[in-house]
Structures are given as structure tokens and as C-alpha cells.
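Q: Those protein sequences? They're chains A and B, same order as listed. Heads up: the first sequence begins at 68 in this note's numbering, then just goes up one per residue. Heads up: the second sequence begins at 68 in this note's numbering, then just goes up one per residue.
Calculated directly from the structure, the hints in this document are not laboratory data. Please read all numbers here as calculations on a predicted model, not as lab measurements. Any given hint could be a false lead.
Same chains, same label: a pair holds when it works inside one copy or across any pair of copies.
[Claimed, not checked] Below 35 Å or equal to it, Euclidean Cα-Cα: the simulated DSBU-like pairs (lysine-lysine) are: (1) 159 to 98; (2) 284 to 345; (3) 251 to 276; (4) 251 to 341; (5) 251 to 360; (6) 177 to 362; (7) 106 to 364.
2 protein chains.
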Amino acid sequence: MEKEYVVGVDVGGQTAKIGVVNRRGEILCQKSIDSKYGKGEADKFVKALCSTIRELVKKIGLESVNGIGIGAPDGNFYKGTIEDASNLQWAKGIIVPFAEMISKELGGVKTVVTNDANAAAMGEMTYGAAKGMKDFIMITLGTGVGSGIVIGGNVVYGHDGFAGELGHTCAVRTNGRECGCGKKGCLEAYTSATGVARTAKEWMVNSLKPSILRDIKGDITSKDIYDAAEKGDKMAIEIFEYTGRILGEKFADFVAFSAPEAIVLFGGLAHASKYIMKSLTDAMNENLISLWKGKVKIITSALKESDAAILGASALAW
Amino acid sequence: MEKEYVVGVDVGGQTAKIGVVNRRGEILCQKSIDSKYGKGEADKFVKALCSTIRELVKKIGLESVNGIGIGAPDGNFYKGTIEDASNLQWAKGIIVPFAEMISKELGGVKTVVTNDANAAAMGEMTYGAAKGMKDFIMITLGTGVGSGIVIGGNVVYGHDGFAGELGHTCAVRTNGRECGCGKKGCLEAYTSATGVARTAKEWMVNSLKPSILRDIKGDITSKDIYDAAEKGDKMAIEIFEYTGRILGEKFADFVAFSAPEAIVLFGGLAHASKYIMKSLTDAMNENLISLWKGKVKIITSALKESDAAILGASALAW
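Hey, can you work out the whole structure from these sequences and the hints?
A: Right, here's the structure in full:
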């Protein structure tokens, strides 16, 4: 009986979401824990994660599970490692043997790791908006910008297991913003949740236009900008349009690479799709060669945000 | 006996190369014909091509061949068509049912079409520098800039058969040069043979530096620039370094997509690799996230130029 369950784990920059999943893709129980551990604290995080897994497994009356699938930034499918993840302090600049550590802590249970965006793509392909598609690209717009690329029905891992780092392709070549990865001008520096917040801060310095964003005390977040847009704030709406434009320009490059049927938007910023979609689609089509103009679908995830990543990660474990 | 031979055809912007190939990948005889036919003259070109195929087949004492494989710009593997090829006047803005036309003309022989760069990648994987590799990108630097992407040992065709148009990804976002495809700033507009010649013309206007290129009467070609570089001309060498830099910046984006083991340079400009390689590799590594820095090989094709495309195309036909 306990062979019928796996655990899916979605490790994000702020939290890790853990769920127990059955064969039908139903999440039986789930929980979020803090993932913001510091340098050298990978071990502490693994202990907290495993303790939560034990707790959830026990909660539904199981003794063990068939396997654990993990989606994590810079997760390596081939090696089971998390390698130099710029958004995880405990995995920055080092190689963390994550699958091995968890498996050891949990008495040898089979543990598989992949890029969090690859996991989300698997979830979307199995249960979501990309159901039935063989060629699509998943773009996750969260704390960072990740990507899961599916070609011919298979997730692309590449030579070393790290394929699909589209958040670190170059969006702005000249005087680009510094990115968490150490480079400049990355797509992530403009179109992640933090990137959008940086745009707001930049615009408020460079422009004198009125905006209710100016009334916000403390650090502006992408949520603040969304709320302002909802109230009709012109600058907030323009920030999302600018973000959409940068995404669309790069999406055209991605289409030229793998000719996908669709690009699926996922993550926090995908909720602002009503503000970014038009400029994104326009910019993409302007930058596509004629054979693709108007032919590539941009869709938003059909899965509940926490579910997609957990389900995708769990699919690895079967 | 005649079942043991196929025909490989490489359609370029200037010429088409045709070869009869045996199972061991030996080209038994080959010939080049003009491919510069005008608007509405696809039929004429097909007739000339088929006449040459008949001539070659007859020459080695065969009655027929097992199949014909064709590499052509904007060739569609799924449909057997050439669709809106900006470098072929007879296929610009229209869909040419190329495989069907040739098969009909030659009494029903099986005919397969793919992108010329995909064909070259197949040739390189089977017989050349990418032998044994499962993940690599072939970049063809000729009249245009093409690409053949291999992931997990398979050529990437994408949803519609047109994947791998990396020559039309954006190299220069602001005030980019017009490209033959109708867009601006494409990689092809800077790093094809004609792109390099355009750089020379631009630099001679913008700079007052001396160069033996200024003595050339008539239109400057990439060959002239190569010859000048060989004579130690500083501007000519800098033109290649600039070309390498633009390639390297974009290669970093391509690596972030599919994490290839190597990028293989092919075509006329690859002969100038001694002038472009350092700036290319430096620019690529500067633009890669740390996990790939210094790890992606840039190599030049190991096959004779005409052979790779013919062999690759022929591999389709078996």
C-alpha cells in the first residue's frame, strides 16, 4: 500500500513546498517550510525538510514512500545535486549533494532532483495547460526566472543536466542590471518578481510622473505594483507592459531555437498576465521571422501554483 | 545493388551540391549547379537539379537510387517543403513543395527535406567533429547563418519542423542592421559572410584608420577581408574579432538553452576561425553563468565543407 505514494518537493528561494502524491496525481497533504537558510546551513535545511516529510507521511498513515522527487533551482537531474544556486544562500558557490543527503537522512529512499522549472514543466505536461503538447517552454516568473524546456515530449537536460537557464540569457546588452548570478543584463534581473520591483524603483527615480507607488513605505514588492495596477495606477501598468516587452523580445529568440507550440507562464508574475500579455505577445511577434508570427501561443499555467511544482517533482519519483 | 546508394543534396544561396553516397558514407561522385533562380522559377531549378541527379546516377552505372535527402534553407522535415527562404529568390514569401516536385520529376523516388544546417549537423554527428556527441549545436556561417541543434542524439525539429533558426535571434537590439528576413539586428546580419562584409563597409565609413581594404575596387567580400587579415591588416583582423565577439555573446544564450557539449562552426567563415576564435570564446565565457564558464567547447567542422552537407542530407534518405 505505501508503495502507491511519492513525495514531491518544490524548493523555492523563500519556501519549500512538500506534498504527498498518489498515482492519480492527487496531493493528499502538503506543507510549506522556510528555505531561507544561510551559508553552510544546507544540512540544517535538509534536516528540517526531512522532518516535515516524515511528519506528512505519518499524517496519512504511511510508514514510507516509494520515492522523493525534488524541484530546486540549479538542481542537476544527472547527479542529484544543487550546484551554485544564486537564489539559495546555502547552495551559493558550492555543490550540495542534495539527493544523497536526503536519501541518507530518510533511510535510503530513492531521491531524484531536477531544476524547479523542469519539475513545473513536467507537472504542466502531465496535468496542466501543456497536456498533450510535445514541444513547449515553461517560464517560471518567481523570485528568479527559470525555464523548463520540453522537446518531442522530453524535458531537455543537455550535456551536463543544467539545460534551460533562460533566466540568465541576456535581455539588455548595454548597461544591463546586475543579476544575482554575477552577470549583467539577464532576463531575470528585469522580469522576476524582484526584477519588476527594481524597475519600479528605477522609474521612480528617473521619472517625475505621479504614482501611488510613491506612497508606499518600505521596500516596494511586485505585489505592491500589482495592487497599484489593479487600482488603475498608470506607472504600475506601464511597469508590467515594459516587463512583458522584455519577455516577448527574448521569447522570440527561444522560439527560433526550439519552435515550441506554446510558451507557458508560471509563478507569481503570471497572475499579472492581464497586464503583461499584450506587450509580451506584440514584442514576441515583432521579433519573430514571418513563419512564426502569430503562431506561437502564450498561455498561463492551468495548475494551482503550489500544486504544479509538487506534482511535477513527484512525477520524477515514480 | 542500386538499393545501396542514396543522393545527398545541399541547396545553398548560390549553388546546390549534389552527391551520390554509399552505405559507408563515401561520396562516389558529386557536382555543383547554380541555385540562383528567380521568383517563380522553382520549377526550373527542380528540373535542373533532377537532370543533374539523373546524370550522376547514370555516371556510376545505376538505374535508380534508394532515396534523396535534401538540406535546404528553411526546409521543413515534416512537410517536405521549403517555406519562405529569404536567401532563395525562388522560395521567398512562398511555400515550395520541394520534396514532392523532385519525387514526381524522378518517378516517385523517396525524397526527404530538412534545413541545410540540420543536414550539416547530421553529417558532423555521423562522420565529423561531433562524432559520439549527443548534445551539440552546429552553426553554419555562410551566405546566411544557420543552425542545427542536436539534443540527446536527435536533431531538434520542434512543433512545426522549423526549429533551429539561430541566425535570426537578436544580436543587436538597438539600431540593429536590417536582415534579409525583414527583421533588424539578427545574428545573420553581422556574422554571415555578407554580414562581415557589411561590417567592413560600415567601419570604413565610420573610421579613418588606414586599411588595405580601402584599396579594393568594387564590392568588398568576406574573402577580401580574410586575405587582408592574412597580410596582417589591423582593421581586417579587428573585423573578425568583432564578429567573434557577437557570435560569442549569442552562443552564451544558446548554451543556457540546451547545455551542449560543444558548438561546431561550419561554413566559409569557419576558415577564419584563427581570427574569430579568441574573441568568440572570451565573449561566450564572459556571458555564461559560472557553471558553464570554460566548459563548452567551440570546434570547427572536421569535414570537407561540401562533403558534410551532402553526407548529412544523404543520411536522411536511408
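Q: Now look at each hint and say whether the structure bears it out.
A: Here is what the structure says about each hint:
Taking the closest pair of Cα atoms, residue 159 and residue 98 come within 35 Å of each other only inside a single copy of the chain (25 Å); across copies the shortest separation is 57 Å, beyond that limit. Taking identical chains as interchangeable, the C-alpha atoms of residue 284 and residue 345 lie at most 35 Å apart only when both belong to the same chain, with a minimum of 31 Å there against 50 Å between chains. Taking the closest pair of Cα atoms, residue 251 and residue 276 come within 35 Å of each other both inside a single copy (28 Å) and across two copies (32 Å). With identical chains, the CA atoms of residue 251 and residue 341 are at most 35 Å apart both within one copy (28 Å) and between copies (28 Å).
In this homomeric assembly, residue 251 and residue 360 come within 35 Å of each other (Cα to Cα) both inside a single copy, at 29 Å, and across copies, at 15 Å. Taking the closest pair of Cα atoms, residue 177 and residue 362 come within 35 Å of each other only across two copies (30 Å); inside a single copy the shortest separation is 41 Å, beyond that limit. When the C-alpha separation of residue 106 and residue 364 is checked against a cutoff of 35 Å, the pair qualifies only between copies, where the shortest distance is 32 Å, while the shortest distance within a copy is 41 Å.
Checked against the numbered hints listed earlier, the structure breaks none of them; every hint is satisfied.
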